[in-house]
Amino acid sequence: MKQILSAFAVTASIGLAGLGAATAPAGAEGLKIGFLATLSGPPAVLGQHMRDGFLLGVKQSGGKLGGMDTEVIVVDDELKPDAALTKVQGLLERDKVDIMAGVVFSNVMMAVYKPVIQSETIFIGANAGPSPIAGKGCSRYFFSTSYQNDQNHEVMGRHASQKGYGKMVVMAPNYQAGKDAIAGFKRHYTGEVAAEIYTKLGQLDFSAELARIADLKPDAIFTFMPGGMGVNLVKQYSQAGLKDVIPFLSTFTVDETTLPATKDLAVGLYSGAEWAPNLDNPANARFVREFKAEYGYAPSLYAAQGYDAARLIDGAVGMAGIKDKTALLSALNAAPFESVRGDFKFNTNQFPIQDFYLTKAVQDGNSYVTEAVEKVFDDFGDAYAGSCRMN
Amino acid sequence: MSTTLLAVQTLNGLQLGILLFLIAAGLTLVFGVMDFINLAHGVQYMLGAYLAVAGYQLTGSFWLALPLALLAALACGLLLEFLVFRHLYDRDHLDQVLATFGVILFLNEAVRVIWGAAPLSVPVPELLNGSIRLFENFNYPVYRMALLAAGLGVAVLLYVLVTRTRVGMLVRAGASNAPMVAALGVNIRRLFMIVFGFGAMLAGFAGIMAAPILSVEPGMGDNLLILAFVVIVIGGIGSIRGAFLSALLIGLVDTIGRSFATDIARLVLPPSAANDVGPAIASMLIYILMAGVLFFRPSGLFPVRSA
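Which chain is which? The protein sequence lines are D and C, in order.
Counting from 1, one number per residue, gives the positions in the first sequence under the working numbering.
Counting from 392, one number per residue, gives the positions in the second sequence under the working numbering.
Since the hints were derived computationally from the structure, they do not count as laboratory data.
As the structure is a computational prediction, the values presented were derived from the model and not from experiment.
Just so it is clear, CB atoms sit at the ideal spot from N, CA and C, and this is done for glycine as well.
Heads up, some of the hints might be wrong.
Unchecked claim - Looking from chain D toward chain C, a few residues come up when the C-beta cut is under 7 Å (computed):
1. A240
2. D244
3. P247
As the list claims (entries may be wrong) - Partial list, derived from the structure: chain D residues whose beta carbon lies under 8 Å from chain C:
4. A44
5. V45
6. E196
7. Y198
8. K200
9. L204
10. N232
11. K235
12. G241
13. T258
14. T326
Make the full structure from the sequences, and use the hints.
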């Protein structure tokens, strides 16, 4: 019985694989893009936003980026670097994708970066921008349409100094991105850090930390608390009565992925980002309008970054085609597209030089979104471009 | 560090402990009476929270959503028991772990398919929406006090049920020696179903109570499940009293450890090293406590099973 079942399973899987190969478009004519994002588990909402933004960008060109029939193979990395690596190798060797795009989390990025670059496949990063890739490990095959990880935290550090907050408490989860957040913040913050609080990754209850913060009486707090952790922190911060007393500065904590859960409790809290839905340029107005119409929810910066990645590919492939890789690389470097951020060009390490804003959470009719309040950095490049020696 | 801060942290620790107790009570009952390792207890907690969200969206009131969600959680628990667990009572512990782990994966995905991946929330009910000023700048939400009271109420209820009623007597007997209870003519299958259903309802109740203060998302029960297992191992499998006391102990140790570990580390280490060591020690504390307790009392603090 067991043998019959296993024989059946083998035949069925061969049949399905054959079917899959038969329906794939001919590689020479079409454009194949492998899109890697975290689409399961608690952080799935970030991957979902990024994917939806990217697919909207493809749809706006009628499914043809740069005039070529585009096939997007969406792959879930499950936030597991080893699983991601296996899947990316499949995309490179079995599916022979022309371009890789996406990646939400830095640990996944660090795992898949080298194999993609070594296979000389063009890689458009749509979120994660860890410092090794921006600095010493930079490559001419990698372009980022997002930011370098430290930059958003640097925005808050600069803003805190400008506001004259002399004594602050900083809080982040105890892992690499959390430590990088605190380091990025401190780079531009000139006051005194009264306490650095590192919480457990995945921690849900912050009552102990909030009691300690209230006891220390800082001028403001800065926190990096992504996903569900941020939702809990914002809720509990407001319930403890601290929201109106101690200003709450954060990055990646209060945005359109968490605002649907925190709603009123997050209104009035400040963040730092390179994009907000209210940025005044035609590309952005079109993006926000069409995103809401297509998917029924407000886009976050992950969606905007995914969308810009698709538009970048459209512009560059339209200019140079995919046959001549050197020409395509030069085309990508010129950033021939209208970014939803307005001002956009690539730095020497092919990370963006863009403006950064202080954003505030507001209520917009029935939904809650972020709004850019003031520009903090103009044409801001990252701190690692100097150590990039591109070959 | 002041006495007020210490008092507040103690209150926080007790509140965390009560939430842990609500989850651990069902788990220890099921493990103690039925010798059944139920890893799916964490997703039953998550299911309770999601049913509270659904109930709130349906009725617009937390108080109406509470009994609805409770009944729905009970129904889901009984359904799971009927479909999956009933077939596993006589199996090896490892088989039970495998099957209930599969239930975790299934329900986490199911919840994501039905409600989406984004975190959801339930607003705190109007009646409990205020806060009490404990010290300057710091308010303690009334809702958390209510959570504390509810947990204590459930503890008292469980105590009365287990020690003063007939069913409770059967449960205690079953926890000591289930085959003997069956041999004495009690319908052990029905007893198991009652115990399981009640355990599922307790987990669901914990989820419903937690929904207004914690974010409701897929996988929210997984971390608490691990803590719940630590609680029942320290307290003694099958013992409600043990679960209660060890839950409070763990809540206190974890909270006070988190708040003061860095300060204590700073007494002996330079500040940058203390910033690294403090949080690491704080997250390890409860496991060190568990190792210590097991070293001296391998069956836990209040063991129930006879040899």
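Verification of the supplied hints:
1. At a threshold of 7 Å, the smallest CB-CB gap from D:A240 to chain C is about 6 Å, leaving the interface hint in force.
2. Using the Cβ-Cβ criterion of 7 Å, the hint placing D:D244 at the interface with chain C is not satisfied: the shortest such distance is roughly 10 Å.
3. About 13 Å separates the beta-carbon of D:P247 from the nearest beta-carbon of chain C, more than 7 Å, and the hint is not met.
4. The interface hint given for D:A44 holds, since its Cβ lies 4 Å from the closest Cβ of chain C, which is under the 8 Å cut-off.
5. Because the closest C-beta pair between D:V45 and chain C is about 4 Å apart, less than 8 Å, the hint holds.
6. This hint holds: D:E196 has a C-beta 5 Å from the nearest C-beta of chain C, less than the 8 Å allowed.
7. Taking 8 Å as the C-beta cut-off, the interface hint given for D:Y198 holds, the closest approach to chain C being about 4 Å.
8. Look at D:K200: its Cβ gets to within about 5 Å of chain C, closer than 8 Å, so that hint holds up.
9. The closest approach between the C-beta of D:L204 and any C-beta of chain C is roughly 5 Å, which is under the 8 Å cut-off, so the hint is satisfied.
10. Look at D:N232: its Cβ gets to within about 5 Å of chain C, closer than 8 Å, so that hint holds up.
11. At its closest, the beta carbon of D:K235 sits 7 Å from a beta carbon of chain C; the interface hint therefore holds under the 8 Å criterion.
12. With a cut of 8 Å, the hint placing D:G241 at the interface with chain C holds, because the nearest CB-to-CB distance is about 3 Å.
13. This hint holds: D:T258 has a C-beta 7 Å from the nearest C-beta of chain C, less than the 8 Å allowed.
14. Restraint check, D:T326 versus chain C: the minimum CB separation of about 40 Å is more than 8 Å; hint violated.
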